[in-house]
Amino acid sequence: MSLPCIEVVTVPANEAFIASPKDRSVVQPAFDFLKSNRGLIKIYYGLQTEDPTKVHVYPVWENLQDHLNLQADPVQHAILGKHCKQFMGGAPEVIHIQPLAEPYKALEAPATELAYITVNAGVSKETLETKLDELAKAVNALPESYGAISAVWGPTVEKADTLGLIIGWTSVEAHWNTVKTVPEAIQQLKDIREIATISLTHQLLAPYN
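Per our numbering, the sequence shown starts with residue 1, numbered consecutively.
Note that these hints are calculated values from the structure, not bench results.
Source: prediction; values computed, not measured.
Fair warning: there could be bad hints in the mix.
[Claimed, not checked] When the alpha-carbon atoms are kept at most 30 Å apart in a straight line, the in silico DSSO-like pairs for lysine-lysine are as follows: (1) K159 / K125; (2) K42 / K137; (3) K22 / K42; (4) K54 / K85; (5) K137 / K105; (6) K105 / K42; (7) K105 / K35; (8) K159 / K82.
[Claimed, not checked] Cβ pair distances, simulated, as ranges: (9) L68 / D133: 24 to 32 Å; (10) S124 / V75: 40 to 48 Å; (11) V75 / K190: 49 to 57 Å; (12) K137 / G90: 34 to 42 Å; (13) K82 / E144: 40 to 48 Å.
Note that CB positions come from ideal geometry on N, CA and C, so glycine has one too.
Turn these sequences into a full structure, and let the hints steer you where they fit.
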């Protein structure tokens, strides 16, 4: 079975969504329209904890081409854009991550960490990939008490020098406690920061079924 493509949309939320982020009627027109398109598997969405004025939407596609086909259709894409104005308050940033493992446990966790790791100039991307794979495996091997549910990573389509990492946690606090108290994680993150820049946020996602 082939792995899906994760579309990650980060966008300012409008007042209607911020006031009532669990009101499905605000996102329903856009998400129902997305679900009617070929290749759409699931949708997850929620506000960012670091900046609660931003909403993250994770449409999961069977493959990248399915989403590209929608983007290339002027009529369908215009309809989607109109529906998205019901909850978006600005222009979205769209990044596609090609995960190397199934992403659903990470996206369905109570808290989801999203990190973009950009390799420094003069460092090979392969070196970063090795380090990140080691980190993801270490997170997945942690005892349940640490609150790590699932870690997946993969290349981003739009940025050749950037990798995407998605980790599901029992809470945002569980993430911070782990990276402060687990020696192996502390060292692995130190090694990564020596060769790359990490930009991360957390979201409390809900599935749109």
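- Task: Decide if the proposed pair is consistent with the structure: K105 and K35, CA atoms, cutoff 30 Å inclusive.
- Result: Roughly 20 Å between the alpha carbons, so the hint for K105 and K35 holds.
- Query: Given the hint that K22 pairs with K42, does the C-alpha gap stay at or below 30 Å?
  - Reply: At roughly 17 Å apart (the allowed maximum being 30 Å), K42 and K22 satisfy the hint.
- Item | Given pair status - K82, K159, alpha carbons within 30 Å | 27 Å, holds
- Item | Restraint status (C-alpha distance of K159 to K125 at most 30 Å) | 12 Å, holds
- Task: May I ask you to test the hint 34 to 42 Å on the CB atoms belonging to K137 and G90?
- Result: Roughly 37 Å apart at Cβ, these two residues keep to the hinted range, so it holds.
- Message: Tell me if the beta carbons of S124 and V75 are separated by a distance inside 40 to 48 Å.
- Response: Holds: the Cβ-Cβ distance is about 43 Å, inside 40 to 48 Å.
- 49 to 57 Å as the expected CB spacing between K190 and V75, which holds or is violated: 50 Å, holds
- Proposed proximity, K105 with K137 (alpha carbon, max 30 Å): With a Cα-Cα distance of about 15 Å, the restraint between K137 and K105 holds, given a limit of 30 Å.
- Message: Check whether the Cα positions of K105 and K42 lie no farther apart than 30 Å.
- Response: Given that 30 Å is the threshold and the Cα spacing comes to 12 Å, the pair holds.
- Message: Just to be careful, I want the Cα atoms of K54 and K85 compared with a cutoff of 30 Å; is the pair within it?
- Response: 14 Å, holds
- Item | Satisfaction of the hinted span 24 to 32 Å by the C-beta atoms belonging to L68 and D133 | Hint holds: Cβ distance 27 Å, inside 24 to 32 Å.
- Message: Checking one constraint from the list: CA of K42 to CA of K137, max 30 Å. Satisfied?
- Response: 25 Å, holds
Going down the numbered hints, you'll see the structure goes against none, and every one checks out.
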